[in-house]
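Keeping their order, the protein sequence lines are chains R and X. Just so you know, we're using this note's numbering here: the first sequence kicks off at 1171 and counts up by one. Just so you know, we're using this note's numbering here: the second sequence kicks off at 1171 and counts up by one.
I should point out that these hints are in silico values taken from the structure, not numbers from a laboratory. Watch out, some of these pointers could steer you wrong.
If several chains are the same, the list does not tell them apart, and a pair holds so long as it fits within one copy or across any two.
Unchecked claim - Dumping the calculated PhoX-like pairs for lysine-lysine here, alpha-carbon to alpha-carbon at most 20 Å:
(1) K1380 x K1390
(2) K1298 x K1214
(3) K1391 x K1380
(4) K1232 x K1338
(5) K1283 x K1391
(6) K1390 x K1298
(7) K1283 x K1390
(8) K1390 x K1338
(9) K1320 x K1307
(10) K1307 x K1232
(11) K1338 x K1320
2 protein chains.
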Amino acid sequence: MDHIRLAPLQNRNTNNGFKIISFVPIFDLVAIVITAKMGKYMKKRRNIVFVAKSLDGFIADKNGGLDWLQSTPNPDQIDMGYEKFIGGIDAIVMGRNTFETVCSFDIEWPYSKPVFVMSRTLDSLPKKYQNNASLVKGSITEILSELEQKGYTSLYIDGGTTVQSFLKEDLIDEMIITTIPILLGGGIPLFSELPRELEFEHVRSELFLKEIVQDHYRRKKVN
Amino acid sequence: MDHIRLAPLQNRNTNNGFKIISFVPIFDLVAIVITAKMGKYMKKRRNIVFVAKSLDGFIADKNGGLDWLQSTPNPDQIDMGYEKFIGGIDAIVMGRNTFETVCSFDIEWPYSKPVFVMSRTLDSLPKKYQNNASLVKGSITEILSELEQKGYTSLYIDGGTTVQSFLKEDLIDEMIITTIPILLGGGIPLFSELPRELEFEHVRSELFLKEIVQDHYRRKKVN
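So here's chain R without its partners, still in its complex pose:
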């Protein structure tokens, strides 16, 4: 929608006759307000979690392992909505832990969207990955603002610690949670302590492979 906003602003100085001033600024003002509202709507920030957890809320088992994610046979290797989800986001934000876990897999770089790695301790990413990911530093709101300026507003927030930090600041807008029907009895938890309760609304639930429930929740607007 940028052209709507920019066009009237750029043309204004060259048409400065009295008659024009009398109504064009009003039209402009209305156009700017409508555009700003539409722009705000269309560019609305969406920080989204897409994660698999056990019935008891863990994202990795007691040894940090992920084998239990495969406990339900998936002969056709269905992706449970992952590609569709990735297609709808602008970029991925993850913590150092998740980044290093992904790097440790002996696979090609798995992400088709820009990846931003939040880290207080790293000064740079390993050279091997500098084409795949970028280091971002600062508070979460500073990082979100930096990414927004670059046009990344629909963000996949990944990794336990990162999701927990975002939730602590009430900066998660949606959560797509896939529950594997297993009690791990310990491990790395998806959720942690929060300074206050956060209400969500139910968007959708879907059953995959007759065993795995995926629930989509959206943060309830506080008006």
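Guided by the hints, dock chain X onto chain R, whose structure is given.
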């Protein structure tokens, strides 16, 4: 099926001729084996959890409160399957905490089925409740055996600590878990540490009040 088992056993002594012996005992044996198998199936132990939890797995908030259970408007006071569930069980087993919480509510005794209170510390239940509930003592397996002898085999296992103790011994067969779409960020957890992973299978999911997902899981048989 009791008449099938009892009838041949009672009639046997009166028909003891040679010809009868030659084939009737075999028929009897088959009948007894089939009946025992069917009886075992029909009398199969079912320890079932029916519980509401927050998105982050708490059954009570940081102050032990339950107000968040009402966060979704329920104008018609639908019971989300509770009465149907209660209709299908023989008795309720709860811990002292849950018992005392129920007693603290200023309501009539809410249970229509026999209630058994597990407690190591209580010597007897308060007189006021002796018609409503019975104290049971011993290990979980001793208590289950005692209840089974009394004909109670389909049990509603209630209360965080009690559910956790049953799960530690892999003695929960089904879980009906209702998830309220709120992150409490702390409180009394439904699940706790387990000595080993427990796999479940998905039975059914249902959405209530457009907001609340209820999932029914059954312990996966280990053959």
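Consistency of the hints with the structure:
1. K1380 x K1390: between (29 Å within a copy, 14 Å between copies)
2. K1298 x K1214: Result: close neither inside a copy nor across copies, 34 Å intra and 58 Å inter.
3. K1391 x K1380: between (33 Å within a copy, 16 Å between copies)
4. K1232 x K1338: between (24 Å within a copy, 16 Å between copies)
5. K1283 x K1391: neither (28 Å within a copy, 42 Å between copies)
6. K1390 x K1298: neither (41 Å within a copy, 44 Å between copies)
7. K1283 x K1390: neither (28 Å within a copy, 38 Å between copies)
8. K1390 x K1338: within (16 Å within a copy, 36 Å between copies)
9. K1320 x K1307: within (15 Å within a copy, 65 Å between copies)
10. K1307 x K1232: neither (30 Å within a copy, 33 Å between copies)
11. K1338 x K1320: neither (25 Å within a copy, 50 Å between copies)
Hints 2, 5, 6, 7, 10 and 11, counting from the list given before, are not met by this structure.
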